[in-house]
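Chains as they are written, first to last, in this note's numbering: chain A, 110 to 194; chain B, 28 to 229.
Simulated from the structure, these hints should not be mistaken for laboratory data. Treat the hints with care, since some could be wrong.
[Said to hold, decoys possible] Using 35 Å as the maximum straight-line C-alpha spacing, the simulated DSBU-like pairs for lysine-lysine come out as follows:
#, chain 1, residue 1, chain 2, residue 2
1, A, Lys125, B, Lys183
2, A, Lys153, B, Lys183
3, B, Lys183, B, Lys156
4, B, Lys219, A, Lys177
5, B, Lys183, B, Lys45
6, B, Lys219, A, Lys144
7, B, Lys220, A, Lys113
8, A, Lys178, B, Lys183
9, B, Lys119, B, Lys45
10, A, Lys153, A, Lys125
11, B, Lys91, A, Lys178
12, A, Lys178, B, Lys62
13, B, Lys119, B, Lys31
14, B, Lys199, B, Lys62
15, B, Lys62, A, Lys153
16, B, Lys199, A, Lys153
17, B, Lys119, B, Lys161
18, A, Lys125, B, Lys199
19, B, Lys45, A, Lys113
20, B, Lys161, B, Lys199
21, B, Lys34, A, Lys178
22, B, Lys91, B, Lys119
23, A, Lys177, B, Lys119
24, A, Lys125, B, Lys34
25, B, Lys57, B, Lys45
26, B, Lys156, A, Lys113
27, B, Lys62, A, Lys125
28, A, Lys144, B, Lys220
29, B, Lys156, A, Lys153
30, B, Lys57, A, Lys125
31, A, Lys144, A, Lys113
32, B, Lys31, B, Lys57
[To be verified] Which residues of chain A face chain B? A few of them, derived with a C-beta cut under 8 Å, are:
#, residue
33, Phe122
34, Arg150
35, Tyr152
36, Leu154
37, Thr155
38, Leu158
39, Ser159
40, Gln160
As the structure is a prediction and not an experimental result, all values here were calculated from the model. For glycine and all other residues, C-beta sits at the position ideal for the given N, C-alpha and C.
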Amino acid sequence: MNCKICSTLFQEFLEKSLCEELIAEMDDHMQACRKCRTSLRTYKLTIMLSQQADPPCCVRPETVDRLKKILLQRFFAKEDVKIKV
Amino acid sequence: MVKKRDKQSDADLVREIKRGDARAMEEIVKRYSNKVYNLAYHLTRDSAAAEEIMQDVFLTVISKIGTLTNEEYFSTWLYRVTTNAAYGFLRKEKKFSEQTPVENIDQEVQPSYDWSDLPDDVLLSEESKEVLRKSIDALPEAMRTVVIMKDMEGLKNEEIAEALGMSVPAVKSRLHRGRLILRDLLAGYFRKKYTNHSGDDE
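Chain B with its partners taken away, still in its complex shape:
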């Protein structure tokens, strides 16, 4: 009996696409268009670019699916194609840069201000979220991509490593350092906003 499309695994669908089944391709688009769009949007912060990237990514799926030898790795491969396309866009727009060498950032950034007891309506205010979005965008590219893929898109460390062509420990290290920088930037913001000190008294 033929399985319903939505019950089929990605790997089965990919095998069917390779055999020329257009309906399998439609199911893959249904499953992944939002994921690809979100990742592209968060990396570029440009909705028009994200749509264009999404289209290019799926066109690449059609033209290059034959090069994917292990169908089980389809989603990882798709994320790699998406990040490469987003990097391509950022390079073209000259927004891609390795501002700070990752190794130069202190692993043990201690929080300068305890903002953990602030009420939820403060922590989750639109203004706090905007500060965080801007802080993420200001991270060195190597950390920014990993933080977006892990904490915003919810990908696994292994998927990120595979998609970015790096080791899992390298992903974890960039993620940890990126989070420490974000935490410090948030501490600075909350301190300035909710206390009267200038920051030199701790």
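Only chain A is shown next, with the shape it has when bound in the complex:
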């Protein structure tokens, strides 16, 4: 394992989709390589920050109510042109 391969595998490593042999190789490499340890830590932090950068927003309830009304009107208008299965 070298730094380039190690870095390429970060995503799979974090998603736990690597085989055991590769995980062991990465662990061995990172124990010896400070640059890759740092690299993985900052990669993980980048993901974490992205997850927290923009908290989920909610649609305004009145918007959803208006949407439902429009959809119901459209839905019943379509009834005579019943959707083909």
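With the hints as your guide, set chain B onto chain A.
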């Protein structure tokens, strides 16, 4: 016995919508309106546009649900309709561009500054988040969409691939490269803010 709406699978609800059941449509709106709105908002950064897109998306559900042959893929189909509508808006506003060819970006961008030991209140400050949001918005479109769908909306690689009409390896590649670019931009920001060096001494 009829299952309660909120216990029904998406696929069951979709089959009922196809049979003309308006209540099933209401349940789908309840389940997905926030998800569709969030995805549209993160792609466009425009709350009014996100509301409009959400409405168009559900109108498309009504008019095109018959074309969805496998009901199990409803959510993926919905995300595809949403991303297409958001792209349509961005094109109209001339905000959609493929700034940097994805292939030209180095796969192995090494961090230039170790910011992993910074305290949480620094990492998670509003300013850091703002830097990251702007950095995400500045990514080439192909990477930006994938990063938003995966890291902000929490979709699976397979869902993103299906929604964007690309392979899972292509999604993973864009995601990885996008994250590397973001990490590098964050490193630059933290270095500038929390050290005295100018950046040419490493």
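Legend entry - Pairwise hint evaluation, B/Lys183 against A/Lys178, where the allowed Cα distance is 35 Å at most: holds, 32 Å
Inset, instruction - Assess, step by step, whether the Cα of A/Lys125 is no farther than 35 Å from the Cα of B/Lys183, and give holds or violated. - result: Roughly 14 Å between the alpha carbons, so the hint for A/Lys125 and B/Lys183 holds.
Legend entry - Proposed proximity, A/Lys113 with A/Lys144 (alpha carbon, max 35 Å): With a Cα-Cα distance of about 11 Å, the restraint between A/Lys144 and A/Lys113 holds, given a limit of 35 Å.
Legend entry - 35 Å limit on alpha-carbon distance, applied to hinted pair A/Lys144 and B/Lys220: holds, 22 Å
Inset, instruction - With a cut-off of 35 Å on the C-alpha distance, tell me whether B/Lys219 and A/Lys177 pass. - result: This hinted pair is violated, its Cα atoms lying about 49 Å apart.
Legend entry - Pair hint B/Lys183 and B/Lys156, alpha-carbon separation not exceeding 35 Å: holds, 23 Å
Inset, instruction - Measure nothing beyond the straight line between the CA atoms of B/Lys91 and B/Lys119; if it is 35 Å or shorter, mark the hint as holding. - result: holds, 23 Å
Inset, instruction - Against chain B, run the beta carbon of A/Tyr152 and see if the smallest gap drops under 8 Å. - result: Status holds, d = 6 Å.
Inset, instruction - Assess, step by step, whether the Cα of A/Lys125 is no farther than 35 Å from the Cα of B/Lys199, and give holds or violated. - result: holds, 14 Å
Inset, instruction - Under 8 Å, Cβ to Cβ, is where A/Gln160 needs to be relative to chain B, so tell me if that hint holds or is violated. - result: holds, 6 Å
Inset, instruction - With a cut-off of 35 Å on the C-alpha distance, tell me whether B/Lys62 and A/Lys153 pass. - result: Cα-Cα ~24 Å, so holds.
Legend entry - Distance restraint between A/Lys125 and B/Lys34, which requires alpha-carbon spacing of 35 Å or less: Holds, because 31 Å separates the two Cα atoms, which is no more than 35 Å.
Of the numbered hints listed earlier, those contradicted by the structure are 4, 13, 19 and 33.
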